[in-house]
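S.K.: As a plain string of letters, each chain reads:
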Amino acid sequence: MAILVDQTKTVIVQGITGREGSARAKLMKDYGTRLVAGVTPGKKGADVHGIPVYDSVAQAWENVGPIDISVVFIPAPLVKNAAMEAIAAGVKLLVLIPDRVPLYDAMEIAAFARRYGAGFIGPNTLGVISPGKALLGMIGGRAASAREWFQPGPVGVISRSGGMTSAISYYLTQAGLGQSTIVHVGGDAVIGMREADVLRQFEEDEATRAVVLFGEIGTTQEEEVAALVKEGKFTKPVVAFVGGKAAKSGTRFSHAGAIVEGKRGSHETKVEALLDAGCRVVNTFEEIFAETAKVLRET
Amino acid sequence: MTKLLEYQSKELFKREGLNVCPGRTAASSKEAEQIASEIGCPVVIKGQAFITSRAKAGAIKFAETPQEAGEKAAEILSLTIKGQRIEKVLVEKKLALKKEYYAGIVVNDALRSPMLVFSSMGGSGIEELAAEHPDKVILQPIDILEGLQEYEARNTLIRLGIEGEEIQPLAGLLVKLYNTARRYEARSAEINPVGLSEDGKFYAVDGRVVIDDNAVFRHPELGIEIAREMDHPPTRLDRVAYKVEANDYRGTFYFMQLETEMSGPGYVGFHGAGGGGSMMGMDALMRAGFKVANFCDTSGNPPASKIYRAVKIILSQPNIEGYFHSGSGVASQEQYHLARGMVKAFRELNLSLPAVIRFGGNSEEEAINIVREYTKDLPAPIEVYGRSTSVDYCAGRLKELIHAQKTDVSKRGEQDVQL
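Protein sequences, first through last, are from chains A and B.
The first sequence begins at 1 in our numbering and counts up by one.
The second sequence begins at 300 in our numbering and counts up by one.
With the rest of the complex left out, here is chain A (with noise of 0.2 angstroms):
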């Protein structure tokens, strides 16, 4: 088992003809996800690395079935009117791949999804991995190295960092300790599901049985991931690591933030809570292999 994508979950790729687009849709075939479909307006009757390309997510839909999962690599500006054409077709799950979406249009997406019942990842995320089954976005950059540094085992992987998405994992596997799903919830303020939406579905997840998160300063992700542990909602280990202790406090940017948000958002507060939460913090990026290898023992 794993969450969010297998090898059965149907894909579809917006911005298909694109060079990014293009590029990860091989990256994605390769690996082994069902690509059926690729999206770009007027490109109609195009093949990309032999999938068909359509005009629109409903035309696609007509043509090849019933969509799970799409994937937009669409420039940031442009973002918001694919998510909502995917959104509005049926989608019920999406990749936002773009960094540079502006705030007030990840907050429409946001509304619009949870209108029609549908979720998203990102904006501004790598992608999502179950390691052995199939990939979204651009983790692992080529099949082959996708292949080579993630491998399937009981471990889930949420991070709100790109690049430590793939190192955390990576050295999992250096571990023998293998990737359940690996999920990059995406590096903005707003986005779609959270650390804590993530941790429900692992929760539900039987291949998991233990979850390794990196977390960041700023936003209140960590806070609600403790608070989760904590009333029980989320029983399996948690191997923490709170990036961003170097970095500078006392920018927060208003009045308005600090009324709402307190004192969270701080490492020192978010470390707080998720020890007090009971999950596993480690102070140092070496740490997390062994943490983990050991509260597998354990479990």
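If you are wondering where the hints come from, they were derived from the structure by calculation, not from laboratory data.
Keep in mind the model is a prediction, meaning the values are calculated, not measured.
Every residue gets a Cβ at the ideal spot worked out from N, C-alpha and C, and that includes glycine.
Some hints could be false.
[Said to hold, decoys possible] Looking from chain A toward chain B, a few residues come up when the C-beta cut is under 8 angstroms (computed):
hint, residue
1, ALA76
2, ARG100
3, TYR104
4, ALA111
5, ILE139
6, GLY141
7, TRP149
8, SER161
9, GLY163
10, GLU224
11, GLY243
12, GLY244
13, GLU286
14, ALA290
Place chain B on chain A using the hints.
M.R.: Using the frame of chain A, we list chain B on its own:
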């Protein structure tokens, strides 16, 4: 996060129809005096800077005559607070206020929506007051697809205990504040205080707006030079770096000097890749006892030409003792682009500063070979590692290389970088 100064924020409020005190900005005492005589005294003179508690810092003063306004303006314009020189003052008519409130709109990451924040206690120290008196603060999520309706604003105010003739104008003010935030895509927009003047009108007495960096391209009317979160006015290098990024959309290049006045030993020029990988690298440098001169992130597969410019900008910082690169260790992007950019910059500078580079990801071996092979003849001690070497070990190696060079003065050359 692109912060706007008070007077810039008030410009936006005015365009949306909010009441702002009469006045404008001055860059000299003479100008301030003239404005004061035009609008009539008493006036308030406010230094324009990205700091809080301006009054305590001496950046807000009052004047009873135009001449006094000129003198006070001169005092404020001579100030440098937290490294920021005050270049402009806002001269405004002083209002007699009967009451002060707080109003703000802020993007809430947990709700993925904007949120209205209103407090019946405004003015300085609002954060502490809000923490002590949660009953005096109301938080109201706003549906981004519907916007803030006036009746919703009224209901919010009524729940907080606002009564009588204040309800209607305050509700109007909140709607206009939200519309300002929405129109200019603000991460936050706040008025503090909202002042009830003796004429019965509510004014935006002070305010600040922070624009979403990623939306700045849609608002050329704001005239924003650098769309980035900074706790200091951009340095010369910050500006040069931003131009490189603005002119080249391939991959990300983010550069910011962390120290605007570097003095003393221990500074390192830092070059990371990816936000998380960069933070790990900076943490390791700090654990090794270094001071990090700058933040720099080149990720998302930028071409060698962009890397080359990034490396040159990093190395042109005076007082740095070494160069350090480390990314996430397992990058999806091809590492040879990085190596080629570095080599070009190092060779052009005939690098003499110690450098430690930790590659990691696709084509890492190739990248290591490129740097090793083509920097052999440079005066600098350069060490190159792959992802199997820890970032802490690499930071430690840089420390040793710098120490070795310092004890052998003959090897230390001055780096003179022309951009």
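S.K.: It remains to establish, for every hint, whether it holds in the given structure.
M.R.: Okay, the hints, checked on the actual structure:
1. ALA76: holds (7 angstroms)
2. ARG100: holds (5 angstroms)
3. TYR104: At about 5 angstroms, which falls below the 8 angstroms cut-off, the nearest Cβ of chain B leaves the hint on TYR104/A intact, so it holds.
4. ALA111: holds (5 angstroms)
5. ILE139: With Cβ-Cβ at 6 angstroms, under 8 angstroms, it holds.
6. GLY141: holds (3 angstroms)
7. TRP149: holds (6 angstroms)
8. SER161: OK, holds: SER161/A within 8 angstroms of chain B, min 2 angstroms.
9. GLY163: This hint holds: GLY163/A lies near chain B, its Cβ roughly 3 angstroms from the closest one there, short of 8 angstroms.
10. GLU224: holds (7 angstroms)
11. GLY243: holds (4 angstroms)
12. GLY244: holds (5 angstroms)
13. GLU286: Nearest chain B Cβ about 6 angstroms off; hint holds.
14. ALA290: violated (13 angstroms)
When held up to the earlier numbered hints, the structure conflicts with hint 14 and nothing else.
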